[in-house]
Amino acid sequence: MFTKVWLIPALPFLGFLILALSGSRFQKRVIAAIGVGSVGISAIVALIAMFEFMIPLSKQTFYVHSVGSWFNVAGFAPKISFYFDALSLTMAMVVTVVGFFIHLYSAEYMIDEEDYQKFFAYMNLFVGFMLVLVLADNMLLLYLGWEGVGICSYLLIGFWYKNSENGYAAIKAFVVTRIGDTALALGIFFLFAHLGTLQIQEIMTRASTAWYPGSQTAVIAATLILIGALGKSAQLPLQTWLPDAMAGPTPVSALIHAATMVTAGVYLIARTNVLFSLAPPVQTTVATIGLLTLLIAGFSALVQTDIKRVLAYSTMSQIGYMFLALGVGAWSAAIFHFFTHAFFKSVLFLSAGVVIGAMHHEQNIFKMGGLRKKLPVAFWTFLIGSGSLAAIPLITGGFYSKDAILLFTWSSEQGSPLLWLGGVLGAFITSLYIFRVVFLVFFGQERSGSPKKPGPAIVIPLAVLAGLSVVSGFLETPRILGHITLFTDFLQTALPAVKSEHLSMSTETLLALVAAVISLSGVLLGFFLYREPSAILDRLAATRFGSAIHEYWYAGFGFDWLYRRIFIVPFVWISSKNRADIIDSLYTGIAKVAGWLNGVLSRTQTGLVRHYAVGIAVGAILAAAFMVFL
Amino acid sequence: MILVLLILIPFLGGIVTWILAGRDVRWSRWISLAALVIDLIGAIYLAFIAWSSSGMWLADIQLEWMPQLGISFHLAVDGLSLVLVFLTLFLGIISVACSWTEIQENVGFFHFLLMTVLSGILGVFLAFDLILFYFFWELMLVPMYFLIGIWGHENRIYAAIKFFIFTQAGGLLMLFAMLGLYFVNGGSTGTYTFDYFRLLENPVTGPISFWLMLGFFAAFAVKLPAVPFHTWLPDAHTEAPTAGSVILAGLLLKTGGYGLLRFILPLFPEAAASFAPVAMTMGLVGILYGAILAFAQTDLKRLVAYTSVSHLGFVLLGVFACNQWALQGAVVQMVAHGLSTGALFVLVGALQERIHSRDMSHMGGLWTSVPRMGGAVLFFALASLGLPGLGNFVGEFLILVGVYQANPLYTIPAVFGLVFAAVYSLWLVQKAFFGQSNERWQLPDLSLRETAMAASMIVGLVWLGLHPQPLLNVTRPAVEAIQASEEASRDASQQVPFEIKSANVPTVLESGNR
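Chains as they are written, first to last, in numbering that gives the first Met the number 0: chain A, 0 to 629; chain B, 0 to 513.
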């Protein structure tokens with residue numbers, strides 16, 4: 000099977016090529032079959048590869064599949080080759096499986112779209128690039144995937160191109176992430192200049208022998224990679240693009256802006272964990288940024304009115320958790336949270352999509368209500384997703400992955416009680432904001448007409464992903480709950496174990512208990528505040544302080560406002576002032592002077608003999624004087 | 000002899016085309032096309048030589064011209080020239096094809112001028128005698144002046160004169176430098192010659208070499224164009240007919256880059272090294288300044304014109320970084336830019352033929368009406384913003400890798416050029432094709448001819464982006480020779496203008512062998 004693994008990224012690209020080059024001669028059913036099928040087969044191949052990989056008999060911890068050389072200039076020689084290990088296979092599996100279900104969902108969800116074919120072409124292209132990103136064995140190929148998914152994200156955010164707003168949101172997403180990408184590019188130049196290779200594993204080996212922990216080179220390398228990751232993963236200070244990216248169709252938000260692409264930064268840091276271990280200050284920065292982002296995004300999610308924006312801020316916040324885990328060296332905990340998050344966040348988006356569709360593109364949660372009965376499938380799947388996001392103890396996947404992160408922020412060498420406290424506060428906000436949505440949308444007064452009943456292509460993905468968002472957590476449980484460590488065991492060949500002090504059973508239990516109580520109390524508070532319209536909130540919002548805070552959080556802590564003033568306005572001002580190119584006025588100035596001189600001197604040409612005679616006389620005198628006196 | 004034919008065939012084709020146009024204008028289009036295809040076959044023959052031999056020079060011909068003055072008719076071709084010859088013929092065919100319906104007046108004369116420009120450009124890439132080079136350099140200029148001045152748009156006379164004066168001023172300084180080189184070299188060796196290879200044997204040193212280098216640099220910097228000598232470009236590109244814009248952006252600018260590679264670095268290695276910080280700074284300024292200006296434009300064609308300033312800034316930066324990565328990157332960047340920007344001009348021209356406007360504020364929402372054109376513009380916009388997998392990425396990335404090795408400080412501002420490139424490229428697509436417009440566009444989408452043009456350029460860019468190795472192999476001997484001459488002078492003079500991380504280079508090469 001391992002000789003066929005190149006099919007995993009190749010099939011989605013093939014799907015893209017067929018759809019892109021065939022013009023518009025397919026029926027929608029054929030388009031869906033190609034679009035969904037290519038990702039589906041790719042998912043099957045990925046799963047088979049994964050099972051073969053797990054067979055304990057094979058001691059191989061990685062497999063490199065080389066397709067060919069890309070180019071080679073004096074040792075700068077990226078190859079087109081794929082690196083399969085536990086980490087990249089896990090990523091590829093999630094990308095293809097979740098990708099497949101979202102494609103299946105889209106086949107029905109997008110059926111009324113004119114540009115059905117274009118949609119599937121872009122989606123397939125995205126999956127292909129995403130797989131290149133996670134499977135690339137060298138930095139340049141990874142960069143190809145990295146930029147490729149960025150472009151697909153751009154194309155799909157702006158999918159409904161007739162509304163210019165969508166287009167601007169798409170440009171914003173691409174440009175902001177590209178600021179991070181340039182740092183990643185610099186990181187590649189830096190690594191190549193200092194270590195002389197592009198191959199990721201070789202970089203790790205050479206770095207660990209050539210650089211000592213805390214050395215300046217390691218810090219620079221890790222910083223550059225980190226900035227790249229921040230852009231893609233929408234972390235502070237490059238997070239502003241993600242809420243606007245919700246302009247794209249909902250399946251796009253589910254696939255690209257929740258489950259896969261935005262977690263590329265997490266993958267990149269996990270992939271290059273050696274560099275971060277060599278640069279402790281940078282790793283601390285990772286944890287700090289993660290914590291800040293998860294809190295800021297959490298508070299912003301609390302006051303949003305658009306259901307998709309709540310989920311967008313939530314994604315930011317959950318990736319903040321993953322960064323927190325990476326920052327304390329809990330590499331596999333970060334990937335575990337990526338794993339569960341991919342399922343529960345995509346189910347949240349997809350069920351929200353059903354709600355939005357039923358509400359005729361209304362996304363304001365305050366205009367919804369009582370949808371529990373009318374949209375039972377959406378309700379239950381959204382509830383399961385919310386439970387998992389809120390980390391409802393024992394029965395949800397999110398509980399186990401978030402618990403692992405919180406535990407390590409306390410116990411790992413780089414962890415601290417302060418980080419843990421921040422994480423727990425975030426958990427409280429998380430369950431509050433998501434159950435705010437649950438109660439506002441699905442409970443209370445009914446406000447809408449009769450929605451359309453979703454067909455099987457929508458129900459099956461919802462059900463499967465909801466199921467996965469529950470069971471995915473059972474792969475890894477804390478010591479008090481059976482101590483299953485399947486996920487970590489699988490990843491241990493690719494990711495180093497977390498360095499942590501040994502906690503007593505009672506401390507660990509206590510920590511888990513606190514986290515559980517906190518998340519449940521968030522749900523409870525949500526129930527009291529949003530189950531029925533409550534006067535407390537209105538009174539709070541009416542105070543000057545309350546409304547100011549509300550506005551500030553609603554605007555995502557004002558980053559857009561700030562960036563507009565310090566970057567966009569000056570840039571546009573300078574460029575519009577200089578539209579005619581100031582340098583050109585130098586040359587037109589020369590031309591003008593020449594023209595003026597022409598005017599002046601041609602006036603001396605009067606045609607009168609006596610003027611010329613005077614001229615000759617004056618010239619002769621001056622020449623004589625010149626010769627005599629000098 | 001094949002080299003002489005390469006240059007002569009387009010010119011003769013042009014004359015025939017002019018004569019026969021009196022009967023039927025269709026003749027002139029088909030004959031031009033045929034002449035270029037025949038020429039292309041000749042170039043393919045040369046490519047086979049390149050493929051089968053390991054030598055650096057693929058063909059060479061030297062005829063006596065004015066032996067008393069040391070002037071000879073000397074043509075030669077190596078990998079670098081060959082690649083640019085291919086680009087010339089390819090874009091030549093494209094410019095005949097894109098004028099198919101656009102040019103209706105004086106069709107025969109138009110094609111005569113077009114073919115003469117192409118002959119001049121081919122001559123520039125093949126001439127190895129300085130006077131002969133200068134002859135071809137001027138030969139490109141005059142027909143181009145008429146192409147802009149006669150078939151151009153509203154402000155064509157102004158643009159044509161501006162173009163002429165700028166290039167002529169640069170060319171004059173180059174002529175002075177050529178004469179200076181002739182006398183200085185002749186004075187020291189005893190034989191007065193304009194032959195490139197003879198001059199190469201004894202590089203000029205000392206302060207005079209700096210001034211001679213500067214003379215050559217003036218001509219190439221205007222052509223490239225380097226900021227602040229770029230202001231002729233937006234006017235000329237915008238006012239020229241589509242074929243003129245394609246040739247200007249795709250080919251004439253490349254003669255500047257070619258000149259830097261062929262003359263500045265090998266003939267004046269020492270002076271070039273000491274001048275490198277200035278030139279690289281000019282390159283950097285060009286990258287950023289061109290990008291900001293591009294974003295500011297409301298005229299679609301002018302926007303595309305300014306992107307050339309930005310992209311060719313990378314070439315200037317790369318040439319003076321002068322290591323394998325940067326030099327190879329500069330070559331790839333020139334070819335990729337020729338394709339991507341040439342294609343954008345073709346498409347903008349096709350759009351202008353349909354809506355009779357280049358003003359982006361009047362556009363918007365065109366995708367609905369002409370999706371195929373929109374898709375093509377989107378593709379080339381993505382190429383121009385440096386999407387990996389397409390040619391421009393390989394060029395820019397190699398240049399940046401090389402510049403980083405030479406001096407990391409230049410790389411940091413340069414990568415921001417990539418951000419700005421994203422801004423103006425996506426802005427262009429957004430303004431023209433997305434959104435909605437008050438006008439209800441009912442336009443014909445790309446015709447078969449236009450689709451074929453776009454498709455061939457798409458194939459070219461994808462090939463350059465995914466498998467540039469054949470091109471890199473062809474140009475490698477030439478690029479290595481250029482770099483060797485530069486390094487030799489650096490070792491000799493010991494006055495290294497900036498630190499090359501030579502300690503790293505061996506490890507790099509080592510890893511390449513793995």
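If you're looking for bench data, these hints aren't it; they were derived computationally from the structure.
Please note: incorrect hints may appear among the correct ones.
Here are the computed distance ranges between Cβ atoms for each label pair [what the hints assert, rightly or not]:
{"id": "1", "chain 1": "A", "residue 1": "I565", "chain 2": "B", "residue 2": "I37", "range": "40 to 46 Å"}
{"id": "2", "chain 1": "A", "residue 1": "F61", "chain 2": "B", "residue 2": "Q468", "range": "24 to 30 Å"}
{"id": "3", "chain 1": "A", "residue 1": "L536", "chain 2": "B", "residue 2": "T450", "range": "22 to 28 Å"}
{"id": "4", "chain 1": "B", "residue 1": "V461", "chain 2": "A", "residue 2": "E112", "range": "25 to 31 Å"}
{"id": "5", "chain 1": "A", "residue 1": "T603", "chain 2": "B", "residue 2": "G205", "range": "42 to 48 Å"}
{"id": "6", "chain 1": "A", "residue 1": "V29", "chain 2": "B", "residue 2": "I43", "range": "39 to 45 Å"}
{"id": "7", "chain 1": "B", "residue 1": "W440", "chain 2": "A", "residue 2": "E164", "range": "16 to 22 Å"}
{"id": "8", "chain 1": "B", "residue 1": "G205", "chain 2": "A", "residue 2": "A616", "range": "58 to 64 Å"}
{"id": "9", "chain 1": "A", "residue 1": "I565", "chain 2": "B", "residue 2": "A454", "range": "22 to 28 Å"}
{"id": "10", "chain 1": "B", "residue 1": "I43", "chain 2": "A", "residue 2": "P455", "range": "53 to 59 Å"}
Bear in mind the structure is a predicted one, so any value in this text is a computation, not a measurement.
All residues carry an ideal CB built from backbone N, CA and C; glycine is no exception.
Going through the hints against the structure:
no.	hint	result
1	A:I565 <-> B:I37: 40 to 46 Å	violated (59 Å)
2	A:F61 <-> B:Q468: 24 to 30 Å	holds (27 Å)
3	A:L536 <-> B:T450: 22 to 28 Å	violated (59 Å)
4	B:V461 <-> A:E112: 25 to 31 Å	holds (28 Å)
5	A:T603 <-> B:G205: 42 to 48 Å	holds (45 Å)
6	A:V29 <-> B:I43: 39 to 45 Å	holds (40 Å)
7	B:W440 <-> A:E164: 16 to 22 Å	holds (20 Å)
8	B:G205 <-> A:A616: 58 to 64 Å	violated (49 Å)
9	A:I565 <-> B:A454: 22 to 28 Å	violated (43 Å)
10	B:I43 <-> A:P455: 53 to 59 Å	holds (57 Å)
Taken one by one, the earlier hints fail for this structure at numbers 1, 3, 8 and 9, listed in ascending order.
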